[in-house]
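Asker: So you can see what is in the structure, the chains are spelled out below.
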Amino acid sequence: MKAFTQHKGLVGPMDRANVDTDMIIPKQFLKSIKRSGFGPNLFDELRYMDEGQPGQDCSQRPVNPEFPLNLARFSGASILLARKNFGCGSSREHAPWALEDYGFRAVIAPSYADIFYNNCFKNGLLPVVLSEQQLDLLFAEMYADEGYQLTIDLVGQKVVRPNGESFEFDIDQFRKDCLVKGLDEIGLTLESADKIKDYEKTRAADQPWVFGAIK
Amino acid sequence: MSQRTVYDKLWDSHLVQQNEDGSALLYIDRHILHEVTSPQAFEGLRIAGRKPWRLDTNLATPDHNISTDPAERAAGVAGIPDNTSRIQVQTLDDNCDHFGIKEFKMNEMGQGIVHVMGPELGATMPGLTVVCGDSHTATHGALACLAHGIGTSEVEHVLASQCLVTKKMKNMRVTVDGVLGAGVTPKDVVLAIIAEIGTAGGNGHAIEFAGSVFRDMSIEGRMTVCNMAIEAGARVGLVAVDEKTIEYCRGRQFMPAGEMFEKATEYWRTLTTDADAVFDTEVQINGSEIAPQVSWGTSPEMVIPVTGNIPRAEDQTDVVKKKGVERALEYMGLEGGAPISSVAVDRVFIGSCTNSRIEDMRAAAAVVEGRTVSDSIKQALVVPGSQMVKEQAEAEGLDKIFIEAGLDWREPGCSMCLAMNADKLGAGEHCASTSNRNFEGRQGNGGRTHLMSPEMAAAAAIAGHIVDVREFGDQS
Chain S
1 MKAFTQHKGL VGPMDRANVD TDMIIPKQFL KSIKRSGFGP NLFDELRYMD EGQPGQDCSQ
61 RPVNPEFPLN LARFSGASIL LARKNFGCGS SREHAPWALE DYGFRAVIAP SYADIFYNNC
121 FKNGLLPVVL SEQQLDLLFA EMYADEGYQL TIDLVGQKVV RPNGESFEFD IDQFRKDCLV
181 KGLDEIGLTL ESADKIKDYE KTRAADQPWV FGAIK
Chain U
1 MSQRTVYDKL WDSHLVQQNE DGSALLYIDR HILHEVTSPQ AFEGLRIAGR KPWRLDTNLA
61 TPDHNISTDP AERAAGVAGI PDNTSRIQVQ TLDDNCDHFG IKEFKMNEMG QGIVHVMGPE
121 LGATMPGLTV VCGDSHTATH GALACLAHGI GTSEVEHVLA SQCLVTKKMK NMRVTVDGVL
181 GAGVTPKDVV LAIIAEIGTA GGNGHAIEFA GSVFRDMSIE GRMTVCNMAI EAGARVGLVA
241 VDEKTIEYCR GRQFMPAGEM FEKATEYWRT LTTDADAVFD TEVQINGSEI APQVSWGTSP
301 EMVIPVTGNI PRAEDQTDVV KKKGVERALE YMGLEGGAPI SSVAVDRVFI GSCTNSRIED
361 MRAAAAVVEG RTVSDSIKQA LVVPGSQMVK EQAEAEGLDK IFIEAGLDWR EPGCSMCLAM
421 NADKLGAGEH CASTSNRNFE GRQGNGGRTH LMSPEMAAAA AIAGHIVDVR EFGDQS
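Order-wise, the sequence lines are chains S and U.
Heads up: the first sequence runs through residues 1 to 215, numbered per the working numbering.
Heads up: the second sequence runs through residues 1 to 476, numbered per the working numbering.
Think of the hints as simulated: they come from the structure by calculation, not from any bench.
The reader is advised that the hints may include incorrect statements.
Below, simulated EDC-like cross-link-like pairs (lysine to aspartate or glutamate); rule was C-alpha separation at most 16 Å, straight line [claimed, not checked]:
no., chain 1, residue 1, chain 2, residue 2
1, U, Lys263, S, Glu100
2, U, Lys168, U, Glu266
3, U, Lys244, U, Glu266
4, U, Lys168, S, Asp172
Part of the chain U face toward chain S, derived, beta carbon under 10 Å [claimed, not checked]:
no., residue
5, Val36
6, Leu59
7, His98
8, Ala291
Glycine residues also receive a C-beta, built at the ideal position from the N, C-alpha and C atoms.
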């Protein structure tokens, strides 16, 4: 997994609450058996005027001129400002895949849906939680200042504004470690293989019906 | 030992290792796979040269992407017209064959929507941890399981290690006491709960559904409720074990039998919340006051009683909320202040992991029996949740009732709930739907979803508009 320590980049908006995973990546693109290539279809229904199909050349499609991320000033944005309960809905990991493939390295929102939040960390995409007031301020600064950039320092757990002031954020230690070091979580878990086997032995003795059921 | 909730007990009994950084290794007993969220996980295993940790825990079936049209289904996987869909279904078959995973293939008895299939086959047992790359996995919590959705990276993680790296959730209890009125169903109960606590209300929590309404409810009804815990933000929803749970489990295909079953029930009966256990959050709702519910907007919290009026943006005090209502009204093409029962419906969908079990089929059939679908309805789909549900419904003659009334009787799958196959809404079309999400575009680009119970959707098919099923008998 791609490591994340610090990132400075252009900020773009997704200025509405409860952005769901169908909005982030509509279902027709979930038919892919690959992990990559979802970027051109990020926010597909909001971003384009027509209905997108998998495998289509998106450069030829009519874009929605009113969708903020289509504006030239947000082109190349790598940090997404969002509102509460971002990523609600399905468990599709295609949502963080699409954000990452588009070029986002981080999202900043007041809250996230649990599964989406979890999925981000598996893909080197950092979901930062700040308060609603802090988000209001960042949104206002971003709208006022073309080319607005933020620096996200994961090691120091802070978002640094252009004026040098910063907002601190909380993050679980284990998630931070995995992201900072770009760790292979499966490899890490398999280091505990003996403990897993011990657990299985004890459990099989207590609850034999749990094992061997599916055949 | 201190007083514990059902969730605490399930968590404790599956803890392999508690790490110093706050994370934990949780053992997974049952892993259900489908075609959409598994291919990249299998690919990951292959690239890393890993094998599944255990085979007897995994169960797979195609459901999201497959056709529900009987003729197309009869043509088998090779006959799936959409190229990308066919490759995805074929990839699941190939991966299961390659790794030796038990799969119920597309037209095989046993196949069905993952969350219908698991419980009906007895693969879901009380006291298990159950995961699946699908957010509606909480459904299995109706049998007192710790069940939740996971992403594809975690699908790979569970395949490789039989464990998840995770963190304990908080405990929430939603108590619904009282007695449900006539025409009020489990779907109405869960929609009323979501309307009350909001789509983020359960974030970070495991919800236990408690109170007389759930004790009186069938196991299938409890599945409908637990299914939509995620729409209230909670990954986990569950109900404690009682005698109904035990009776539901008896005799199913993958369940233990004979003495082993009796031994299992001794343990299962301990899966109740201790009297003095403390919940982080408690919500109480009077079940006697719940009316049939309908969603008017584009979020599952945008729900009102069928007797109510559509909200008006100008009545909202919160700015973000006001913007949300404005946008939803515009998307839905609705006028704030109008009665919801005035909304005309173009299509009807009875199905999905929320409402496609035999009780749902029976309830919908009872409403349409001897009646005819309104001329204004373009399509009314009935999609049974599994091959077993389909077989049972046909044995009871329900298929004939639907067909005679003018509804389409289809093959099992997720269908128009998420519109990955050909079953979808056209732009601007309103749908009376028994599914679980009314997000923009969910059932088709530009489609407008109204969530409701199978009874209400069936009544809407006959009336041609949203209608209170309790008054429906008088209109015909």
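Asker: Taking the hints in turn, state whether each one holds.
Answerer: Evaluated hints:
For the suggested pair lysine 263(U) and glutamate 100(S), the alpha carbons sit about 49 Å apart, so the restraint of at most 16 Å is broken. In summary, the hint linking lysine 168(U) to glutamate 266(U) is not supported, as the alpha carbons are separated by about 26 Å, beyond the 16 Å threshold. Straight-line distance between C-alpha atoms of lysine 244(U) and glutamate 266(U) comes to about 14 Å, which keeps the hinted pair within the 16 Å bound. About 12 Å separates the Cα atoms of lysine 168(U) and aspartate 172(S), which keeps this hinted pair within 16 Å; it holds.
Proximity of valine 36(U) to chain S holds as hinted, the smallest CB-CB distance being about 5 Å (cut-off 10 Å). Interface restraint check: leucine 59(U) against chain S, minimum CB-CB distance 5 Å, threshold 10 Å, status holds. At its closest, the beta carbon of histidine 98(U) sits 14 Å from a beta carbon of chain S; the interface hint therefore is violated under the 10 Å criterion. At a threshold of 10 Å, the smallest CB-CB gap from alanine 291(U) to chain S is about 25 Å, leaving the interface hint violated.
Violated hints, in rising order: 1, 2, 7 and 8; the structure is consistent with all others.
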